[in-house]
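A.B. asks: Take the sequences, apply the hints, and build the full model.
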Amino acid sequence: MALKSVLIFFALSNFSYSQTNCENVKNNELISFLKKEYYENPLEGTKIIILNQCKFLISAGLAPTTSNKLQTMSRIAKIKAERGVSEFLGGSTITSENILETKEVVTENDMKFFESFYDKVKTESASFVNGMETLTAFKSADGLNYIYIIVQTL
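Going letter by letter, the sequence shown gives residues 0 to 153 in numbering that gives the first Met the number 0.
Check before you lean on any hint, since a few could be wrong.
[Said to hold, decoys possible] In the BS3-like style, the derived pairs of lysine-lysine whose C-alpha atoms are separated by at most 27 Å in a straight line are:
1. K34 to K68
2. K77 to K25
3. K77 to K34
Treat the hints as calculated values from the structure; they're not laboratory data.
C.D. replies: Pasting the structure below:
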């Protein structure tokens with residue numbers, strides 16, 4: 000009975016140490032690694048990172064810094080990061096359409112033609128993102144993008 004108690008205590012202690020170690024890795028090394036990676040070259044996306052035997056699911060979302068309101072930039076970038084996780088975990092359906100519009104404007108002395116061409120891309124994804132916490136957020140090196148990164152320890 001005593002040996003069984005010792006083994007259970009050792010297993011729980013090891014698990015607790017592993018969790019604590021991954022928390023330290025996440026709060027120090029992972030943030031530093033991601034800032035180096037995204038600061039100069041900001042990209043949106045979701046991926047799994049293994050760092051010091053700890054696995055993390057991370058997702059980065061970008062928002063333009065044209066809005067000077069931090070709350071607005073954070074909300075937009077967070078939604079994009081969550082969307083990335085949703086698409087990563089649940090897949091997505093993408094449809095696109097090419098639209099060409101022509102217009103004719105006739106005045107007394109003149110006739111003008113206008114053409115507009117644009118692509119409409121629609122992405123549909125259905126899943127539930129829960130348990131992802133904010134890891135860090137910062138502006139890119141050029142100051143044009145606000146980068147918001149969410150994380151889940153795996």
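A.B. asks: Can you give the numbers of the hints that this structure goes against, from lowest to highest?
C.D. replies: Per hint list: zero violations.
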